[in-house]
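Asks: Chains as they are written, first to last, in the UniProt record's numbering: chain C, 1 to 210; chain A, 1 to 210.
Source of the hints: derived by calculation from the structure; they are not laboratory data.
Cβ atoms here follow ideal geometry from the backbone N, Cα and C, with glycine treated the same way.
Check each hint, because a few of them may be wrong.
[Claimed, not checked] Here are the simulated distance ranges between beta carbons:
(1) Asn203/A x Ala89/C: 18 to 28 Å
(2) Asp7/A x Glu207/C: 26 to 36 Å
(3) Arg101/A x Asp36/C: 16 to 26 Å
There are 2 protein chains.
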Amino acid sequence: MKLNTADIIAMDDRYRAKFINSLSGFKSANLIGTTDGKGNHNLAIVSSVFHIGANPPLVGMISRPHTVTRDTLENLQATGVYTINQVSADMWKQAHQTSARYPAEVSEFVEAGLTPECVNGVAAPYVAESRVKFALEVREVQNLAINDTELIIGEVVQVLVDEKAITADGYIDIEALKTVAISGLDSYHDTHRLARLSYAKPNTNVEEIE
Amino acid sequence: MKLNTADIIAMDDRYRAKFINSLSGFKSANLIGTTDGKGNHNLAIVSSVFHIGANPPLVGMISRPHTVTRDTLENLQATGVYTINQVSADMWKQAHQTSARYPAEVSEFVEAGLTPECVNGVAAPYVAESRVKFALEVREVQNLAINDTELIIGEVVQVLVDEKAITADGYIDIEALKTVAISGLDSYHDTHRLARLSYAKPNTNVEEIE
Numbered sequence: 001m002k003l004n005t006a007d008i009i010a011m012d013d014r015y016r017a018k019f020i021n022s023l024s025g026f027k028s029a030n031l032i033g034t035t036d037g038k039g040n041h042n043l044a045i046v047s048s049v050f051h052i053g054a055n056p057p058l059v060g061m062i063s064r065p066h067t068v069t070r071d072t073l074e075n076l077q078a079t080g081v082y083t084i085n086q087v088s089a090d091m092w093k094q095a096h097q098t099s100a101r102y103p104a105e106v107s108e109f110v111e112a113g114l115t116p117e118c119v120n121g122v123a124a125p126y127v128a129e130s131r132v133k134f135a136l137e138v139r140e141v142q143n144l145a146i147n148d149t150e151l152i153i154g155e156v157v158q159v160l161v162d163e164k165a166i167t168a169d170g171y172i173d174i175e176a177l178k179t180v181a182i183s184g185l186d187s188y189h190d191t192h193r194l195a196r197l198s199y200a201k202p203n204t205n206v207e208e209i210e
Numbered sequence: 001m002k003l004n005t006a007d008i009i010a011m012d013d014r015y016r017a018k019f020i021n022s023l024s025g026f027k028s029a030n031l032i033g034t035t036d037g038k039g040n041h042n043l044a045i046v047s048s049v050f051h052i053g054a055n056p057p058l059v060g061m062i063s064r065p066h067t068v069t070r071d072t073l074e075n076l077q078a079t080g081v082y083t084i085n086q087v088s089a090d091m092w093k094q095a096h097q098t099s100a101r102y103p104a105e106v107s108e109f110v111e112a113g114l115t116p117e118c119v120n121g122v123a124a125p126y127v128a129e130s131r132v133k134f135a136l137e138v139r140e141v142q143n144l145a146i147n148d149t150e151l152i153i154g155e156v157v158q159v160l161v162d163e164k165a166i167t168a169d170g171y172i173d174i175e176a177l178k179t180v181a182i183s184g185l186d187s188y189h190d191t192h193r194l195a196r197l198s199y200a201k202p203n204t205n206v207e208e209i210e
């Protein structure tokens, strides 16, 4: 079927949110760990983390200021540091629970049954149950005036990962670590590898590698 | 294992690219369709498409100006319109082939064996083989000075999707349409749904829905 702008405008708000969130394809599932610097840990699931560049190592995410990620935004602006923790099939329901609207002084770690992991030199808490996680220093927080969301850009300063999941060429086998994907607002998926493909060149068919 | 900034800086460039690209989690797999307005169609696979907001319906992507997406960027700036086409398990290898460095006047549709689909009123070509696809008008192209990439924000103006994949609440079952996910630079995955989860509330455990 074909839908145009008028059809999209006519949708009920909640229907439109689920519909439009489905369009961009599968999304990353990550828990953002922050602290307010007074001992209050915060944890929020986010599906908008995306790669910006490898050198320097930059990762972006979108935050909606008036939603449950408000504490996350305030904390990372105040402390300049946050962690991103991949959500796995072993704790995806706990991860989703962090999206409930808890007061700022309540720790989503406690409410969701996840364990804060503190690493010397990093002010923000990691999630102990996550098997691929990294700490970032805030490089930019930029308001996107078009819909009043915030683009947060961080530089990766530390990575914690199972060494055996790192392949010889640097790729991390996140499927072997049971990382999940999200579609829409609330659907969680595990994955099965089709294959890795060779670097594409003109007039040569891509091949499966490994 | 624990890696810090010095370890990341010491990595070989190609190793680092694969490593850092793995950190953000699963990524969307989309083909970007554009035209130069002189009859030359362009098609490029991109893994950086992400949701920005549902009302207005906004989708973002990151473009590296000096890579194979250069033609895409020039075309969408010149014409103001582009299409995003989800990559499915039926054509993921053809989709990957579009990442080869073809000259501007060569159509990646032809080289990869994919079919341009032209819809009245939309200047950019869709991919006929894609089962969830949408057209966007360019709203912003913003240089991210931190690593000289371009953030492109588009507003969804048309959606083409199998009606039977749209659930009653607006969610599109992109897994049923065989949409794939990407990890790292070159790994493709199909998915299996764990479940959809209910809207999370404090002091109430999330439940599987449907």
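Asks: Now, for every hint given, state plainly whether the structure supports it.
Replies: Results of checking the hints against the structure:
1. Range check, asparagine 203/A to alanine 89/C: Cβ separation about 25 Å, and the 18 to 28 Å hint holds.
2. Against the hinted window of 26 to 36 Å, the Cβ-Cβ separation of aspartate 7/A and glutamate 207/C comes to about 31 Å, which satisfies the hint.
3. Under the hint 16 to 26 Å, the C-beta atoms of arginine 101/A and aspartate 36/C, about 48 Å apart, miss the expected range.
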